[in-house]
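> Under the numbering used here, the residues of the sequence shown are numbered 550 to 801, in order.
There may be inaccurate statements among the hints.
[Claimed, not checked] Pairs of lysine to aspartate or glutamate, EDC-like flavour, derived with a Cα cap of 16 Å:
#, residue 1, residue 2
1, 647, 621
2, 612, 687
3, 561, 704
4, 778, 687
[Stated by the list, open to error] For each label pair, taking beta carbons as the anchor points, the in silico distance ranges come out as:
#, residue 1, residue 2, range
5, 573, 731, 31 to 39 Å
6, 562, 593, 40 to 48 Å
7, 622, 723, 36 to 44 Å
8, 731, 608, 22 to 30 Å
9, 738, 638, 33 to 41 Å
10, 596, 726, 17 to 25 Å
The hints are simulated quantities; they were obtained by calculation from the structure and are not laboratory data.
Backbone N, C-alpha and C define an ideal beta-carbon position, used for all residues, glycine too.
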Amino acid sequence: MGQKSEIFKTFKLDGFVAIPSFYGVEQSTEIKSELCRFKRDVMPELESTEVFFEDKQNPKSLKQIQRMHQYDSYFLHLMNDKPRRLAEFLLGEKVVLKNLQYFNKSPLLSSATPPHQDGYYFMLDHPSQALTMWLALDAIDDENGCVRYVRGSHENGMRLHNRTQTLGFSQGISDFGTEDDIANEVACYAQSGDLLVHQAMTIHRVDANKSNFRHRRALGFIFYGASAKENITAHQAYNKKLESELSSIGKI
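All chains should be built: construct the whole structure from the sequences, respecting the hints.
Encoded structure:
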């Protein structure tokens, strides 16, 4: 129980926690194989609102796939297994499986992810009762775009967010870069199979992939605590408006 208690303590104190080798080599290899299958067999059938490219005309610029667990039994089982149990442990209640996303920053084709709090997007009455997990599928560092968290930022309330032009991350913190932000920012390097978990109020960002050849692939698991109440009407209205904007400029 020692490791579990340390994971819980760090998550509560810092707003994020890194868990090395959450999946071993064999299962990480299996996940990547199943991801290839999903891209080949399932992704072509998805709506454009579920699949984002940096450049729609360039298949190599695939950036995000949304709600994979809704379209494929392997990824539903994956999310409903170890990640769900960890989410329930950290949130202290049963959870709702909200999203399983694929992220990639392709070499020389990606943009930076703006500093943000996931809770701003979630539109929950208690955003602290939600979390995101980020499973590395590649070795990830400064060069290809590691996640950078602001330690303790989950305790300081919701920051002001404004519209960005970043596909998949439409809102970013408008005044990011305060002394506190800079002093407490932590770069989280990862190896394939490592897991990062952050609370929905924790500020984080990611630089663009500056590598000439290395990808930066990851899976993201979003869980809401069962007690969290979502403003569904506001969320649907925002998504509809955003999809209309993205469609009008040819992004989806």
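> So, against the hints stated earlier in the document, which numbers end up violated here?
4, 8, 9, 10
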